[in-house]
Amino acid sequence: MTSYGRFFSHILFALVLFGQMLSISSGYCKTAEEKGLQIAREADWRDDGFGNYTAEMTMTLKNKQGKESKRSIRTKTLEVPGDGDKSLSIFDTPKDVRGTAFLTFSHKVGDDEQWLYLPALKRVKRINSKNKSGSFMGSEFAYEDIASQEVEKYTYKYTGKDEYHGQLCFVVESYPVDKKYSGYTKRVSWLDTKEYRLQKIEFYDRKKSLLKTLTVGDYQLYLEKFWRPDTMSMVNHQTGKSTVLNWTDYTFQTGLTDKDFNSTSLKRVR
Amino acid sequence: MFAENKSYLLLRFFFIAALFLFISSPANSSALEINGELSSQGFLFIHEGAWEDQEKQSVSLAAKVEMYHGFTDNLQFTMEAFYRIDSLDSERTHGDLRTAELIYFTDNWEISAGLGRVFWGATEFVHLVDIINQTDQVEALDGEEKLGQPMVHLTIPQSWGVVEGFIMPWFRERTFPGVKGRFRSPFAIDSNLTVYEDDEQHHTDLALRYSTTVADADLGIYYFNGTARDPVLLLSFDNTHLPVLYPYYEQIGQSGIDIQMVAGEWLFKAEALYRTGQSRSYAATTFGFECSLVGIGNTMMNLGLIGEYVFDDRDQGWLPTIYDNDIMAGLRLNVNDMDDSTVLIGIIRDTHYGSTILGIESSRRIGDSLRINLNASFFIDLDKEDPAFILAQDDFITIALIWYW
Chain A
1 MTSYGRFFSH
11 ILFALVLFGQ
21 MLSISSGYCK
31 TAEEKGLQIA
41 READWRDDGF
51 GNYTAEMTMT
61 LKNKQGKESK
71 RSIRTKTLEV
81 PGDGDKSLSI
91 FDTPKDVRGT
101 AFLTFSHKVG
111 DDEQWLYLPA
121 LKRVKRINSK
131 NKSGSFMGSE
141 FAYEDIASQE
151 VEKYTYKYTG
161 KDEYHGQLCF
171 VVESYPVDKK
181 YSGYTKRVSW
191 LDTKEYRLQK
201 IEFYDRKKSL
211 LKTLTVGDYQ
221 LYLEKFWRPD
231 TMSMVNHQTG
241 KSTVLNWTDY
251 TFQTGLTDKD
261 FNSTSLKRVR
Chain G
1 MFAENKSYLL
11 LRFFFIAALF
21 LFISSPANSS
31 ALEINGELSS
41 QGFLFIHEGA
51 WEDQEKQSVS
61 LAAKVEMYHG
71 FTDNLQFTME
81 AFYRIDSLDS
91 ERTHGDLRTA
101 ELIYFTDNWE
111 ISAGLGRVFW
121 GATEFVHLVD
131 IINQTDQVEA
141 LDGEEKLGQP
151 MVHLTIPQSW
161 GVVEGFIMPW
171 FRERTFPGVK
181 GRFRSPFAID
191 SNLTVYEDDE
201 QHHTDLALRY
211 STTVADADLG
221 IYYFNGTARD
231 PVLLLSFDNT
241 HLPVLYPYYE
251 QIGQSGIDIQ
261 MVAGEWLFKA
271 EALYRTGQSR
281 SYAATTFGFE
291 CSLVGIGNTM
301 MNLGLIGEYV
311 FDDRDQGWLP
321 TIYDNDIMAG
331 LRLNVNDMDD
341 STVLIGIIRD
351 THYGSTILGI
361 ESSRRIGDSL
371 RINLNASFFI
381 DLDKEDPAFI
391 LAQDDFITIA
401 LIWYW
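Quick note, the sequences are listed as chains A and G, same order. Residue numbers 1 to 270, in our numbering, belong to the letters of the first sequence in order. Residue numbers 1 to 405, in our numbering, belong to the letters of the second sequence in order.
Keep in mind that the hints were calculated from the coordinates and are not lab data. The beta-carbon is built from N, C-alpha and C at its ideal position, and this holds for glycine as well. Hints may contain errors.
In silico DSS-like cross-links for lysine-lysine, where the CA-CA straight-line distance does not exceed 25 Å [what the hints assert, rightly or not]:
(1) Lys207/A to Lys64/A
(2) Lys157/A to Lys208/A
(3) Lys125/A to Lys267/A
(4) Lys384/G to Lys70/A
(5) Lys64/G to Lys267/A
(6) Lys95/A to Lys64/G
(7) Lys108/A to Lys157/A
(8) Lys200/A to Lys35/A
(9) Lys62/A to Lys95/A
(10) Lys64/G to Lys122/A
For each label pair, taking beta carbons as the anchor points, the in silico distance ranges come out as [claimed, not checked]:
(11) Lys179/A to Pro320/G: 47 to 55 Å
(12) Ala215/G to Thr155/A: 25 to 33 Å
(13) Lys194/A to Ala263/G: 41 to 49 Å
(14) Pro81/A to Asp107/G: 15 to 23 Å
(15) Glu195/A to Tyr83/G: 37 to 45 Å
(16) Gly36/G to Pro81/A: 28 to 36 Å
(17) Glu195/A to Asp107/G: 17 to 25 Å
(18) Asp107/G to Trp45/A: 27 to 35 Å
Partner residues are not named here, just some residues of chain G that face chain A (Cβ under 7 Å, in silico) [stated by the list, open to error]:
(19) Asp107
(20) Phe119
(21) Arg280
(22) Met338
Build the full structure now, drawing on both the sequences and the hints.
In structure tokens form, the structure reads like this:
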């Protein structure tokens, strides 16, 4: 390329860059889809760099008659640069499933990988991640609800702002990319405009009717950057059943690495 | 007798070593966990036993204690002790240390020593390639209960797969039902008459395994060299001149492979082995699929459809198996309710003899720490030529109540 040519390409590059900056700064020019994606990306970006954390969770299942059943689960999560998170869930109760563990490698594109460890048989079983619409341990949470929420797993549409519990929120619709296996046709999410934290999701089933509502509350700030909720409550409007997750003991940067998320460590997990 | 003493000595040494570690480790009560379970089990047989001394029902009580202690972040001890008292079969009144092992691990390797349990395999019905542990045959007819295997086990996980080495200095004999027990041949098996091809119980068995995940498949390949876990049963006479069977354990070499693969809502599973040392060399394979239907009929229930096939080319005259050429079909229902109710129905059909085994396993939780299991097996049209024929009179229903603490 001649020096003239190189100069021209620099100009062109600068113009393109300028054009991109223009489009970022002026939200009004965007389509609702672009705005929706931008909000999802911003929320994801704000949680970038957490590295790893452990937490404990109590899951309370409640049926229509008010009968309750509790499960206690410990979780370990590892952020994987450029891909979905790796996570490990270990059951402490009910006692008959004590020691059972789920290992998940989530991916931005394509199916997640999942393994189940059964302590009685010392057996690691591959499980089908296409069961994403299935219930997680009898709860109102489907596998796809508890899985790592990667931006790429949905397409988005911004529908406006709404006040929720005294906070101004973005309202964003999201549609699963994997339409065949997801249990939903649409999700409507409320994220507060200040911190981009998820406040509420309404789930619409395959027949497009309202199925469940998730409300997320009591956010705590960790390491001055990462928000985590203390409670998540899922109500099934069609069956009257509900599941509440209470999170405790969040610990960030615990030294977890890739080596804590493989079949070898799964077999001696505690 | 000497062998017996040696095993006790080894165990005693191990416990003293473990105890010493407990005492010398800094007091950290949070790192010690003890729990267990108590269970009662009742068997009800539909028919009178085929052989003398057998009865139509039996009850038993079992206890299990599990202990875990973390000495440091990368040194831990686990133990699982088990004992069962059976009302009928004195051979089923037995105990075992399922595990008692120290595990030390770093980021790059892991070593465990003691009594351990290792499972290899992929399929649901027949576990062909699982070989490290001996089967506790009196515990469960399906062979899924195993005895603790003394071993040193080295694991090296790498980005390209996991390499494992096993040194097994002591052999565990298979348990067999006694004269009053069901699920047995006309002649009882007398373990006191056990014969070994080589080195008695102190033959050092070795195994090497490589396993990895490639795209949507988990696969493992191994070589085992040592004492066969499944003995040949030979006829003899006891000192009252009555015919008895005695186990004969041969030296074998076995290569095996196991694969689990995901494809859409399908899971494909396969196992294969090649064994030398018991009559002529032979190969065996089992493979199949599991397809899951999620949220059937607009409920939370999941239904798994399982189809498998097994083919075994062994010398049936020397080492008979009931799984020589069989098709298996199963339905697994997960109700996904609060009580985690499950039902598994399976059919095994011999393609040659037409013999059929129907099995039902159902289970649910009661409250927080109790579980009830209701299982049944029916043996239908068993052919006299089929090795499974000895089970012809043994149709049963069993109920078990397990309390976890």
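Results of checking the hints against the structure:
1. Lys207/A to Lys64/A: At roughly 23 Å apart (the allowed maximum being 25 Å), Lys64/A and Lys207/A satisfy the hint.
2. Lys157/A to Lys208/A: Given pair Lys157/A, Lys208/A holds - Cα atoms ~16 Å apart, limit 25 Å.
3. Lys125/A to Lys267/A: holds (11 Å)
4. Lys384/G to Lys70/A: violated (52 Å)
5. Lys64/G to Lys267/A: Roughly 20 Å separates the two Cα atoms, so the pair holds.
6. Lys95/A to Lys64/G: Status holds; Cα separation ~13 Å.
7. Lys108/A to Lys157/A: Holds: Lys108/A and Lys157/A sit about 19 Å apart, inside 25 Å.
8. Lys200/A to Lys35/A: Measuring from Cα to Cα gives roughly 19 Å; hence the hint holds.
9. Lys62/A to Lys95/A: holds (19 Å)
10. Lys64/G to Lys122/A: Given pair Lys64/G, Lys122/A holds - Cα atoms ~16 Å apart, limit 25 Å.
11. Lys179/A to Pro320/G: 47 to 55 Å: At 52 Å between Cβs, range holds.
12. Ala215/G to Thr155/A: 25 to 33 Å: holds (26 Å)
13. Lys194/A to Ala263/G: 41 to 49 Å: holds (45 Å)
14. Pro81/A to Asp107/G: 15 to 23 Å: Distance hint for Pro81/A, Asp107/G holds at roughly 19 Å.
15. Glu195/A to Tyr83/G: 37 to 45 Å: violated (57 Å)
16. Gly36/G to Pro81/A: 28 to 36 Å: Check failed, 43 Å falls outside 28 to 36 Å.
17. Glu195/A to Asp107/G: 17 to 25 Å: Taking Cβ atoms as reference, Glu195/A and Asp107/G lie about 36 Å apart, which means the hint is violated.
18. Asp107/G to Trp45/A: 27 to 35 Å: holds (30 Å)
19. Asp107: Holds. Min distance 5 Å.
20. Phe119: Hint on Phe119/G: holds, closest Cβ of chain A at ~5 Å, below 7 Å.
21. Arg280: violated (32 Å)
22. Met338: With a minimum Cβ separation of about 4 Å from chain A (threshold 7 Å), the hint on Met338/G holds.
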